[in-house]
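Based on these hints, arrange chain B on the given structure of chain A.
Chain by chain, the residues run as shown.
Number of protein chains: 2
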Amino acid sequence: MADYRFDQSKGYGKLVDQAKRINESAFHLRSLVMEKNRCTDFSISGGGIFFDYSRQRVDRAIMDLLFDLAHEADVITQFSRMNAGEKVNVSENREALHMAARSFSTVPLMVDGRDVRKDFRGVLDQIQTFSTRVHDGTLTGSTGKPFTHAVVVGIGGSYLGTEFVAKALEAFADQSISLDFLANVDIHNFGAIGSRIDPEKTLWIIISKSYTTVETMANEDLIRRFMADRGLDPARHMVTVTSKGSPGDQGGGRELAAFHMFDFIGGRYSVTSAVGGVPLSIYLGYDRFERFLKGAEAMDQHTLSAPPEKNLPLIAALVSVWNTRFMRYPQSAIIPYASPLCKLAPHVQQLNMESNGKSVDMAGNFLSEPAGTVIFGEPGTNAQHSFFQLAHQGKPFPIEFIGVLNPQYQMDEGRFKGVTHQQELWANLLAQSTALATGKNDENPAKWFSGNRPSSILVLESLEPEDVGRLLAFYEAKTIYEAFLWGNNPFDQFGVELGKVTAGSLRKVMAQKNENPGYAFDDVDPLNRPYLEMLFSGKLAEQGDAGSGNTPEKVQLTREKERRG
Amino acid sequence: MADYRFDQSKGYGKLVDQAKRINESAFHLRSLVMEKNRCTDFSISGGGIFFDYSRQRVDRAIMDLLFDLAHEADVITQFSRMNAGEKVNVSENREALHMAARSFSTVPLMVDGRDVRKDFRGVLDQIQTFSTRVHDGTLTGSTGKPFTHAVVVGIGGSYLGTEFVAKALEAFADQSISLDFLANVDIHNFGAIGSRIDPEKTLWIIISKSYTTVETMANEDLIRRFMADRGLDPARHMVTVTSKGSPGDQGGGRELAAFHMFDFIGGRYSVTSAVGGVPLSIYLGYDRFERFLKGAEAMDQHTLSAPPEKNLPLIAALVSVWNTRFMRYPQSAIIPYASPLCKLAPHVQQLNMESNGKSVDMAGNFLSEPAGTVIFGEPGTNAQHSFFQLAHQGKPFPIEFIGVLNPQYQMDEGRFKGVTHQQELWANLLAQSTALATGKNDENPAKWFSGNRPSSILVLESLEPEDVGRLLAFYEAKTIYEAFLWGNNPFDQFGVELGKVTAGSLRKVMAQKNENPGYAFDDVDPLNRPYLEMLFSGKLAEQGDAGSGNTPEKVQLTREKERRG
Numbered sequence: 132m133a134d135y136r137f138d139q140s141k142g143y144g145k146l147v148d149q150a151k152r153i154n155e156s157a158f159h160l161r162s163l164v165m166e167k168n169r170c171t172d173f174s175i176s177g178g179g180i181f182f183d184y185s186r187q188r189v190d191r192a193i194m195d196l197l198f199d200l201a202h203e204a205d206v207i208t209q210f211s212r213m214n215a216g217e218k219v220n221v222s223e224n225r226e227a228l229h230m231a232a233r234s235f236s237t238v239p240l241m242v243d244g245r246d247v248r249k250d251f252r253g254v255l256d257q258i259q260t261f262s263t264r265v266h267d268g269t270l271t272g273s274t275g276k277p278f279t280h281a282v283v284v285g286i287g288g289s290y291l292g293t294e295f296v297a298k299a300l301e302a303f304a305d306q307s308i309s310l311d312f313l314a315n316v317d318i319h320n321f322g323a324i325g326s327r328i329d330p331e332k333t334l335w336i337i338i339s340k341s342y343t344t345v346e347t348m349a350n351e352d353l354i355r356r357f358m359a360d361r362g363l364d365p366a367r368h369m370v371t372v373t374s375k376g377s378p379g380d381q382g383g384g385r386e387l388a389a390f391h392m393f394d395f396i397g398g399r400y401s402v403t404s405a406v407g408g409v410p411l412s413i414y415l416g417y418d419r420f421e422r423f424l425k426g427a428e429a430m431d432q433h434t435l436s437a438p439p440e441k442n443l444p445l446i447a448a449l450v451s452v453w454n455t456r457f458m459r460y461p462q463s464a465i466i467p468y469a470s471p472l473c474k475l476a477p478h479v480q481q482l483n484m485e486s487n488g489k490s491v492d493m494a495g496n497f498l499s500e501p502a503g504t505v506i507f508g509e510p511g512t513n514a515q516h517s518f519f520q521l522a523h524q525g526k527p528f529p530i531e532f533i534g535v536l537n538p539q540y541q542m543d544e545g546r547f548k549g550v551t552h553q554q555e556l557w558a559n560l561l562a563q564s565t566a567l568a569t570g571k572n573d574e575n576p577a578k579w580f581s582g583n584r585p586s587s588i589l590v591l592e593s594l595e596p597e598d599v600g601r602l603l604a605f606y607e608a609k610t611i612y613e614a615f616l617w618g619n620n621p622f623d624q625f626g627v628e629l630g631k632v633t634a635g636s637l638r639k640v641m642a643q644k645n646e647n648p649g650y651a652f653d654d655v656d657p658l659n660r661p662y663l664e665m666l667f668s669g670k671l672a673e674q675g676d677a678g679s680g681n682t683p684e685k686v687q688l689t690r691e692k693e694r695r696g
Numbered sequence: 132m133a134d135y136r137f138d139q140s141k142g143y144g145k146l147v148d149q150a151k152r153i154n155e156s157a158f159h160l161r162s163l164v165m166e167k168n169r170c171t172d173f174s175i176s177g178g179g180i181f182f183d184y185s186r187q188r189v190d191r192a193i194m195d196l197l198f199d200l201a202h203e204a205d206v207i208t209q210f211s212r213m214n215a216g217e218k219v220n221v222s223e224n225r226e227a228l229h230m231a232a233r234s235f236s237t238v239p240l241m242v243d244g245r246d247v248r249k250d251f252r253g254v255l256d257q258i259q260t261f262s263t264r265v266h267d268g269t270l271t272g273s274t275g276k277p278f279t280h281a282v283v284v285g286i287g288g289s290y291l292g293t294e295f296v297a298k299a300l301e302a303f304a305d306q307s308i309s310l311d312f313l314a315n316v317d318i319h320n321f322g323a324i325g326s327r328i329d330p331e332k333t334l335w336i337i338i339s340k341s342y343t344t345v346e347t348m349a350n351e352d353l354i355r356r357f358m359a360d361r362g363l364d365p366a367r368h369m370v371t372v373t374s375k376g377s378p379g380d381q382g383g384g385r386e387l388a389a390f391h392m393f394d395f396i397g398g399r400y401s402v403t404s405a406v407g408g409v410p411l412s413i414y415l416g417y418d419r420f421e422r423f424l425k426g427a428e429a430m431d432q433h434t435l436s437a438p439p440e441k442n443l444p445l446i447a448a449l450v451s452v453w454n455t456r457f458m459r460y461p462q463s464a465i466i467p468y469a470s471p472l473c474k475l476a477p478h479v480q481q482l483n484m485e486s487n488g489k490s491v492d493m494a495g496n497f498l499s500e501p502a503g504t505v506i507f508g509e510p511g512t513n514a515q516h517s518f519f520q521l522a523h524q525g526k527p528f529p530i531e532f533i534g535v536l537n538p539q540y541q542m543d544e545g546r547f548k549g550v551t552h553q554q555e556l557w558a559n560l561l562a563q564s565t566a567l568a569t570g571k572n573d574e575n576p577a578k579w580f581s582g583n584r585p586s587s588i589l590v591l592e593s594l595e596p597e598d599v600g601r602l603l604a605f606y607e608a609k610t611i612y613e614a615f616l617w618g619n620n621p622f623d624q625f626g627v628e629l630g631k632v633t634a635g636s637l638r639k640v641m642a643q644k645n646e647n648p649g650y651a652f653d654d655v656d657p658l659n660r661p662y663l664e665m666l667f668s669g670k671l672a673e674q675g676d677a678g679s680g681n682t683p684e685k686v687q688l689t690r691e692k693e694r695r696g
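Chains A and B, in that order, give the protein sequences.
Add 131 to the 1-based position in the first sequence for the working numbering, that's all there is to it.
Add 131 to the 1-based position in the second sequence for the working numbering, that's all there is to it.
Among these hints, one or two may not hold up.
One-sided excerpt, in silico: chain B residues whose CB lies under 7 Å from chain A [stated by the list, open to error]:
#, residue
1, G268
2, G287
3, R459
4, P461
5, Q462
6, Q481
7, P501
8, G545
9, W557
10, M665
11, L666
12, L671
These are computed hints drawn from the structure, not numbers from a lab.
The beta carbon of each residue, even a glycine, is placed where N, CA and C say it ideally should be.
In isolation and in its complexed conformation, chain A is listed as follows (with noise of 0.2 Å):
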């Protein structure tokens, strides 16, 4: 393993040439899904998800090798690893124990000396006492009013996994209390947010490792100052979910409680610790938080245990690793033709994009060509009216559909052309999937539909909190397995700290700016210089027929106006 490198692998030739033979050869999509056993021997059901590859353009001999090439990586020994506690994360030094935060498992699990377990549960303990404080009223804001809204600040990992189980689930938000996600620093996010909560009834919930993150610790300062200027004590309506020690977790009344999260759980996978767990407990109810960790907990031990052949991660990262390097597609799409899923798709953006978009390998030598792809994505049939026309007519890339067999809502809607909606979307999900894969012939170039495009298709049988910790466990392992395959760490983000200190010098003569207003940005580059100009002056720079013209209409945060929200 240690001396694993992908591109030299003796997989790697065998794929090229896999790849050469269909691509050359009268191989299409459309003879191959109609074989009889096509469906049932390239589909896999595990962990409570279905999974199916039939569409896709691999087959027997192609496998195979994937799976040989699996074997070469030792991809199923390093995710055991990883679960074990060992230091996966070389390039920082640190384990990956995003799987020891759902698992219910009683056997201690040591790092550093340490049974890391009991942390876990004394965090999941906490939430549980302090959410049910929230719901039954115990616990109120600095005017005693019971709380309403709950705001999630933090941005990245502390927000988008969050995002995307919330929304996933907010059919069964019935705890009365709404949940906002104040991510960015920008005026904009505070002030819709600002107008629409009362903030006597706000928990905000300050979300960032380090406690130094500068988009929440900007809005962390707004907010003190939003609140302290309202009569009200932030303090009595602040939680944090920070690292032990971290500046957030202070005490001595700076907030309400702070929730610890470990060095050892990356923002990107961090959803089913404190992190998921103290908004989705205060929104969803601790219960159900609880079984979403069930979910996630079932997916890792299918993951854990099944074979390569029946592995479901395994089987989807190597049929993305297939289409990525060797079918060399350039993107990829995620169709969940479900609604509530529709922040699957910029969760799974985040996940996969920051592990696995990177040009150096876990021994840091420079791979032959960057690893990941870019991923994207909105809910069927929705997809199908926007950008689907290309999907099936422009420059093809892989799909992967998800459906969802029992939804969330039971009401009796009647049957529209002889069908429910909920058959008529499944009519939509599996007509879109079988157009991309057999395409159609047509005299008219303009109707031609050259099929051969690859797709998968993801079931669920429902929409509970469990499907939902399934899914999202199933994304965080194809993900990690991808990055094994690649051979990257798919738990460091060096690719973000250029810009991290390119804002830092920018901020420095803004500052500087706002300081002395006299001053020219004489020593900034001609690059931006420009930019620092219009943006102070408030002003288009006129290199061409008119400014804007605009009368602006500004919008003000009063009282009155946060009362109306």
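What follows is chain B alone, placed relative to chain A:
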């Protein structure tokens, strides 16, 4: 023009050579962008937008050749012809008159011997009168209560553009009317809205040109049932936006009012017609909708009058075609540093990918490669904490950054690290674009940044209704110019047909099963049959270790629950 073919044009070969030169030479954005006049020389203002392409991998020679290509493709003439009412949508033998929808010109515009300006004016007047009656309470629901919820029922072009604008101007929504979008034929979509609204105070706006769109009709049917079941008269809670004489334009008490849309405006270009006009006037007030139209008109006037070298949408289109075909970037991102623009990317995704995701040109010839590109995006700085790892260190793709000089909200926010939220946001926008262009050398490969990654920056002075109109019109014109360069028809969408036909067949067998539970799908292909079995049994096929073991928790859409929402 008639014989223009993109990949056989004179300009094509030359640009291929230029791309080779750029890729093989030492041409690196790092040195280029720091040239003293680079930013001023490669940026332009017009129609109230500032557009900077100095961080793109182009130089004067390349831009000159791109302008030559535009000349060869005769794009300016085509654009004017479109505006003058010629039948530029050749495959459907129709005009493309979206610009007329926001033109306040009084010069007649004759289509088939009829001045369509009067038709547009008539619809606008009707919208103004109707929305005023909703706002002043003279129009009420069937129990005499004023409307406080409006729900847009439409999909694709009847949804995405309006959602973009409504979200962008949410801060100004002072009519005490909430706006929801029921797009999908997904009971979750209906269920979530049904739980949120008060049916007695709800106005449903059904939008479908043909009034046969399956999703919309299935929802219309469900709404009538839902309202009637609650003792409410659906006809007094419903308006339609549809073609004259369609099944949704029957009058006779089937709806409160019908607003006409026209054959010569396609769905994805329809936001400035009644499609956006009815919901946006109700949500924001008619005056703001008219201001939005005027902003779009200002950008149209720029586009129609500016010479190619100063024409923002044309330059943006040239850069996009350069990046897609000659630099061979496989996708493009739109990253607005302004949360209210969070729905711009999904709108442009439809607008551009459905217009240009084509394999044939206007004359019906196959292109040597499909046109168009994948577009995706999320607001910054959120995107920095999500997928920008890949943008910096994975496979490169071009990015369109969008900044706003003056935010919608005004509040005393203080300063964090010496700067306001707005300044911090701008520091990040500029930093990302700079870091992508310049990169950074580092001895540690994991901390090395290639740079040379292209981006554009688009600046708006503020986010007033006019600005959102400008932005909308900019992206429409850019899309159309791209099409004229590729040589394809941006107004048809034959690529969505096959899926519809296939869904029809599947719907039929589902309906058959509903009628006759003994029917066993014997005649369904082996590809889809397992899914029909799963759907009708409600159980996952067990192709592996286990089913889900779920105990479903169903949400009933009862009147009590609705009231709580």
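Results of checking the hints against the structure:
Below 7 Å, beta-carbon pairs count as interface contacts, and B/G268 has none with chain A, the closest being about 17 Å; its hint is therefore violated. This hint holds: B/G287 has a C-beta 3 Å from the nearest C-beta of chain A, less than the 7 Å allowed. Hint status for B/R459: violated, given a least beta-carbon distance of 9 Å to chain A, over 7 Å. Because the smallest distance between the Cβ of B/P461 and any Cβ of chain A comes to about 3 Å, under 7 Å, the interface hint for this residue holds.
For B/Q462, the suggested interface contact is upheld, since its CB lies about 5 Å from the closest CB of chain A, less than 7 Å. Among the interface hints, the one on B/Q481 holds; its C-beta lies about 4 Å from the nearest C-beta in chain A, closer than the 7 Å criterion. Interface hint at B/P501: satisfied, since its Cβ lies 4 Å from the closest Cβ of chain A, which is below the 7 Å cut-off. The restraint placing B/G545 at the interface with chain A holds, with a minimum CB-CB distance near 6 Å, inside the 7 Å limit.
Satisfaction of the interface hint for B/W557 is found here, the shortest Cβ-Cβ separation to chain A being roughly 5 Å, below the 7 Å cut-off. At about 6 Å, the closest approach between the beta carbon of B/M665 and any beta carbon in chain A falls short of 7 Å, and the interface hint on this residue holds. Taking 7 Å as the C-beta contact cut-off toward chain A, the hint placing B/L666 at the interface holds, the least distance being around 5 Å. A cut of 7 Å between beta carbons decides the hint on B/L671: the least distance to chain A is about 5 Å, and the hint holds.
The structure does not agree with the numbered hints 1, 3 stated previously, though it agrees with the rest.
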